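**Student:** Guided by the hints, dock chain B onto chain A, whose structure is given.
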Amino acid sequence: QKEVEQDPGPLSVPEGAIVSLNCTYSNSAFQYFMWYRQYSRKGPELLMYTYSSGNKEDGRFTAQVDKSSKYISLFIRDSQPSDSATYLCAMSDSFGQGTRLTINP
Amino acid sequence: KAGVTQTPRYLIKTRGQQVTLSCSPISGHRSVSWYQQTPGQGLQFLFEYFSETQRNKGNFPGRFSGRQFSNSRSEMNVSTLELGDSALYLCASSLNRGLRYEQYFGPGTRLTVT
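Sequence lines, in order, name chains A and B.
According to our numbering, the first sequence is numbered sequentially starting from 249.
According to our numbering, the second sequence is numbered sequentially starting from 88.
Pulled out of the complex, with its shape left as it was, chain A reads as follows (with noise of 0.2 Å):
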């Protein structure tokens, strides 16, 4: 069993959707929490950091950390076809297989 599962999609969703992404983990000791998105041929950029349980905003992102469930979540408001990526989530240096993500206008 991988450390950090993730469904790899593809999702498609309609522009000014709420896009919903999300990951499990089975090691309770990971102790910081991140969401990366990735353009095709383009290194991953950084969305958000966390290190506790709860939620955490920033613009039209929401990160949201579950520690007893070991479940975290990334939520993408008012989405916009630039937001179609690869989205990979990570605990501490371990990475999910990425979400590719397409926002149909």
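Read the hints as simulated data drawn from the structure, not as lab findings.
What you are looking at is a predicted structure, and each value in this text was computed from that prediction instead of being measured.
There may be inaccurate statements among the hints.
When the alpha-carbon atoms are kept at most 25 Å apart in a straight line, the in silico DSS-like pairs for lysine-lysine are as follows [claimed, not checked]:
#1 B:K144 - A:K250
#2 B:K100 - A:K290
#3 A:K250 - A:K315
#4 A:K318 - A:K250
#5 A:K290 - B:K144
#6 A:K304 - A:K315
#7 A:K318 - B:K144
**Tutor:** For chain B alone, coordinates are given in the frame of chain A:
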């Protein structure tokens, strides 16, 4: 401010050879991490350097090594290349200011082993 730069951007090597990749971090960032990204295994952590010392290491064989210089620039070396080492190698520089953490990735070096 200049981003993270990696050289070379593309590289073709033969099995058994060795390769050295270079990474220049963002000015002021003292931590540099290296990652391997492949379609099959995804993004995997190789190692992290901070102030010229390896601070953390992933689960890769000893053929993968790195170092960091006093100006925070870093290099990684892969010896005795195998076909499975073909991948995108990414470096990232980071700065941890208490509650605030910033990290930036370079564009990567695409290594092809034939």
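**Student:** Check the hint pairing A:K250 with A:K315 against an upper bound of 25 Å on the C-alpha distance.
**Tutor:** Roughly 17 Å separates the two Cα atoms, so the pair holds.
**Student:** Within 25 Å, alpha carbon to alpha carbon, are A:K304 and A:K315?
**Tutor:** holds, 14 Å
**Student:** Is the hinted pair B:K100 and A:K290 satisfied, with a Cα-Cα distance of at most 25 Å?
**Tutor:** Within the cut-off at roughly 22 Å; holds.
**Student:** Taken at face value, is the distance from the CA of A:K250 to the CA of A:K318 at most 25 Å?
**Tutor:** Roughly 13 Å between the alpha carbons, so the hint for A:K318 and A:K250 holds.
**Student:** Are the Cα positions of A:K318 and B:K144 separated by 25 Å at most?
**Tutor:** holds, 24 Å
**Student:** Between B:K144 and A:K250, does the CA-CA distance stay at or below 25 Å?
**Tutor:** holds, 18 Å
**Student:** For the pair supplied as a hint, A:K290 and B:K144, is the alpha-carbon distance within the 25 Å limit?
**Tutor:** holds, 24 Å
Consistency with the previously given hints is maintained throughout, with no hint failing.
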